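Colleague: The lines below spell out each chain.
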Amino acid sequence: MTDRREDIQVAQLITQAAPPPRPELRDRALEAMAKVGPRRRASRLRVVALATAAVALLLGLGFLPFPAGSAKGAWDRAVAAAEKTRGLHVTGRMFTAAGEFSFEQWRSGDGFSRFDLRHQGRLLAMSLYDRGGRQVIPDSNTLQAVQGLGGAPPSGVGIGLLGPELHFAFDRGNVLPPIWDTPEAQWPGGRKQVVARLFHLKDLFALRVTEKRERTLWGGLREVVAAEGRARQAISLGNVVFLPLVLWQGDRIRVRAETDPASGKLSSLAVLKLVNGAWRPIYVTDSIAWDAEVPKEVREVAPPQGHVELVDPWWSKRLASVLRAGATRSWEVTLHALDVNRHGDVFITFSRKQKPAARERSNGWSLPMLAGAARAVDDCGVSYAPSTRGHQFDTPRVVKGYADPVFFAQPDVHVRMRLSRGKPSTPGAAPTEVSVTISSGAPRGMATEAITFRHIPLPPSQAGDDLIAEGQQKRQF
Amino acid sequence: MSEVDLAGTRGRTGSADAALVLGLRQRRPEASAQLYDRFAPSLHRFALTRLGGDIGVAEDLVVETLADACRSITTFKPRRSSLSAWLFGIARRRVQMEIRRQRRRKTLPAAARVPMEAALETAAEGDLAADAGSRLDAQQKVAHLRAHLSDLEMEVLVFSCVEQLSAGEIGQLIGRSERAVHSILHRARTKARERLVGDDG
Numbered sequence: 217m218t219d220r221r222e223d224i225q226v227a228q229l230i231t232q233a234a235p236p237p238r239p240e241l242r243d244r245a246l247e248a249m250a251k252v253g254p255r256r257r258a259s260r261l262r263v264v265a266l267a268t269a270a271v272a273l274l275l276g277l278g279f280l281p282f283p284a285g286s287a288k289g290a291w292d293r294a295v296a297a298a299e300k301t302r303g304l305h306v307t308g309r310m311f312t313a314a315g316e317f318s319f320e321q322w323r324s325g326d327g328f329s330r331f332d333l334r335h336q337g338r339l340l341a342m343s344l345y346d347r348g349g350r351q352v353i354p355d356s357n358t359l360q361a362v363q364g365l366g367g368a369p370p371s372g373v374g375i376g377l378l379g380p381e382l383h384f385a386f387d388r389g390n391v392l393p394p395i396w397d398t399p400e401a402q403w404p405g406g407r408k409q410v411v412a413r414l415f416h417l418k419d420l421f422a423l424r425v426t427e428k429r430e431r432t433l434w435g436g437l438r439e440v441v442a443a444e445g446r447a448r449q450a451i452s453l454g455n456v457v458f459l460p461l462v463l464w465q466g467d468r469i470r471v472r473a474e475t476d477p478a479s480g481k482l483s484s485l486a487v488l489k490l491v492n493g494a495w496r497p498i499y500v501t502d503s504i505a506w507d508a509e510v511p512k513e514v515r516e517v518a519p520p521q522g523h524v525e526l527v528d529p530w531w532s533k534r535l536a537s538v539l540r541a542g543a544t545r546s547w548e549v550t551l552h553a554l555d556v557n558r559h560g561d562v563f564i565t566f567s568r569k570q571k572p573a574a575r576e577r578s579n580g581w582s583l584p585m586l587a588g589a590a591r592a593v594d595d596c597g598v599s600y601a602p603s604t605r606g607h608q609f610d611t612p613r614v615v616k617g618y619a620d621p622v623f624f625a626q627p628d629v630h631v632r633m634r635l636s637r638g639k640p641s642t643p644g645a646a647p648t649e650v651s652v653t654i655s656s657g658a659p660r661g662m663a664t665e666a667i668t669f670r671h672i673p674l675p676p677s678q679a680g681d682d683l684i685a686e687g688q689q690k691r692q693f
Numbered sequence: 019m020s021e022v023d024l025a026g027t028r029g030r031t032g033s034a035d036a037a038l039v040l041g042l043r044q045r046r047p048e049a050s051a052q053l054y055d056r057f058a059p060s061l062h063r064f065a066l067t068r069l070g071g072d073i074g075v076a077e078d079l080v081v082e083t084l085a086d087a088c089r090s091i092t093t094f095k096p097r098r099s100s101l102s103a104w105l106f107g108i109a110r111r112r113v114q115m116e117i118r119r120q121r122r123r124k125t126l127p128a129a130a131r132v133p134m135e136a137a138l139e140t141a142a143e144g145d146l147a148a149d150a151g152s153r154l155d156a157q158q159k160v161a162h163l164r165a166h167l168s169d170l171e172m173e174v175l176v177f178s179c180v181e182q183l184s185a186g187e188i189g190q191l192i193g194r195s196e197r198a199v200h201s202i203l204h205r206a207r208t209k210a211r212e213r214l215v216g217d218d219g
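Just so you know, the sequences run in chain order A and B. Residue numbering for the first sequence follows the numbering used here, starting at 217 and increasing by one per position. Residue numbering for the second sequence follows the numbering used here, starting at 19 and increasing by one per position.
The reader is advised that the hints may include incorrect statements.
[Stated by the list, open to error] So, partial list: chain B residues that the calculated Cβ filter (under 8 Å) puts toward chain A: (1) 66; (2) 75; (3) 77; (4) 81; (5) 89; (6) 115; (7) 176; (8) 179; (9) 207; (10) 214.
[As the list claims (entries may be wrong)] Capping the alpha-carbon separation at 20 Å, the derived lysine to any residue pairs in SDA-like fashion look like this: (11) 251(A) / 90(B); (12) 209(B) / 225(A); (13) 251(A) / 209(B); (14) 209(B) / 223(A); (15) 481(A) / 302(A); (16) 428(A) / 479(A); (17) 569(A) / 664(A).
Note that these hints are calculated values from the structure, not bench results. Here the structure is a predicted model, which is why all the values come from computation and not from measurement. We put the CB at the ideal spot given by N, CA and C, even for glycine.
Can you build the whole structure from these sequences, using the hints too?
Modeller: Here it is as structure tokens:
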């Protein structure tokens with residue numbers, strides 16, 4: 217009978233540990249099942265004979281490349297060669313659940329970069345960065361939609377959401393400064409950025425790499441890097457980097473890169489993803505030109521006449537200042553600004569950045585910041601809680617599927633947040649200072665970390681209600 | 019008596035199996051849906067348990083197993099095994115291939131990977147922390163169990179305790195005699211008892 221009790225205990229434990237299949241798996245499985253044909257029986261001898269004949273024919277006609285030895289180190293040579301380049305021009309195509317997209321990308325050593333994304337010839341989105349100070353990016357809705365196109369995330373963002381109009385932010389005030397430590401490696405325009413992502417793939421996907429040399433049909437030589445791996449975590453490679461893809465934990469990819477044996481430079485790149493048991497291309501380059509000069513007309517982009525832009529000066533006015541700064545075990549937290557509206561509600565603006573050591577500990581995972589992860593109390597004892605009326609959280613660069621209430625895999629964020637004032641126990645009491653607590657929520661078994669900034673003087677209240685929305689203006693070009 | 023008819027002679031679900039096999043051989047979409055609804059949860063659980071909670075891989079494995087099953091349904095021999103044992107056989111081969119692939123790649127140990135995404139997605143919004151927490155607790159215990167038992171012992175334990183396969187069916191799956199299965203199961207239960215008492219204590 218002891219055995220019986222243990223059997224039940226084991227069964228309960230395993231059932232509890234394994235979540236049920238996600239609902240979307242059913243459609244995926246049924247699609248895969250519908251696609252398979254009945255198994256055809258063929259004798260092994262016949263299969264071998266046919267394969268041998270096919271290979272002999274292809275070799276005879278010169279359609280199969282002849283192996284010409286190993287090309288060990290080709291990947292690393294491609295990375296090194298790219299770091300020395302003066303500029304880069306890439307054209308290619310991306311394939312997602314939403315369809316086929318073409319892209320064109322320029323980068324130059326002076327920090328300029330531009331990425332255009334088109335669908336059936338129509339420009340959908342453009343990102344342009346210029347170290348001279350000018351930056352053009354899609355507005356947040358377009359950005360989210362374009363990011364969504366890269367990986368067809370659970371939110372199911374489709375091309376229809378992009379709408380017929382282009383939405384760009386031409387105003388520098390709308391563009392947030394990067395929060396990361398290493399702008400050369402992380403911020404578009406850096407030369408190392410050119411192939412940094414390619415290099416990163418090795419770690420992010422635990423790639424198994426094969427490097428070989430082949431002789432082509434015309435007698436030339438090429439080096440081929442073939443790699444296969446699986447994403448260790450959700451990765452948003454964004455639409456402004458070399459590989460504009462969004463991939464999810466467990467996604468399996470194959471990379472095939474060709475390099476020139478003489479220069480070591482990358483000449484083509486294709487990425488395939490395993491979808492329903494079949495390898496499908498998701499990213500293919502059509503041309504790669506190294507040391508390319510960026511044409512003048514590519515650098516100069518003006519807003520189209522009649523373009524209406526929403527100018528949002530909130531961040532540029534607040535992020536430069538520091539009210540308080542502190543750190544928890546894993547996070548550096550900076551409180552930049554505190555605003556008060558006519559009802560006494562407090563609007564806080566803060567940044568949260570994961571410490572490098574914590575990032576290593578978590579292997580790139582970030583604890584999700586749950587809604588309600590900030591609160592305040594004033595010197596009259598009145599509490600302030602996250603508002604349920606809009607602007608509960610508002611942050612840039614959040615993948616749409618995870619925008620609310622969890623910032624998933626988004627360790628470093630700027631946040632603006634409205635904290636509504638509770639009912640005072642003493643009517644008419646006028647608070648003069650406030651203490652603000654910011655915490656990163658976490659599921660049970662994982663540590664929640666919080667920091668409190670005390671005795672912050674309350675600024676005079678402003679006339680408006682929704683200070684964030686009311687601070688925005690429309691500008692027509 | 020045809021082989022499909024024979025499927026109807028096995029166990030409580032035998033006649034349902036026979037109808038399902040016939041539907042799959044005739045490539046009826048409703049049969050595929052039925053195959054998914056009946057077996058996907060078990061296959062998903064088996065894959066997750068064997069692969070250390072890697073949701074993405076487990077889902078791939080369920081899809082591949084069911085697609086393989088549809089492709090090879092004509093080779094299913096009801097005389098030899100039940101439909102569920104046959105499906106677990108396909109899933110088991112795929113799991114073993116995946117484990118060999120992971121070992122070659124020297125990826126992170128399974129216990130180091132926290133399937134946070136799954137916990138967040140499946141938990142209800144209101145009790146996110148509690149649901150995710152209890153699931154993480156259970157996953158930790160299963161990870162301890164997995165570390166304590168051999169691959170074969172873990173498999174036999176899952177097939178017997180969770181999936182309720184008979185010793186004969188398990189024997190066919192793993193290529194051992196019924197007696198050997200009983201012996202492995204006894205060892206696995208003993209180790210599980212020590213482990214579970216240790217965890218609770």
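Colleague: Please name the hints from earlier in the document that this structure breaks, with their numbers sorted from lowest to highest.
Modeller: Of the numbered hints, 6, 13 do not hold.
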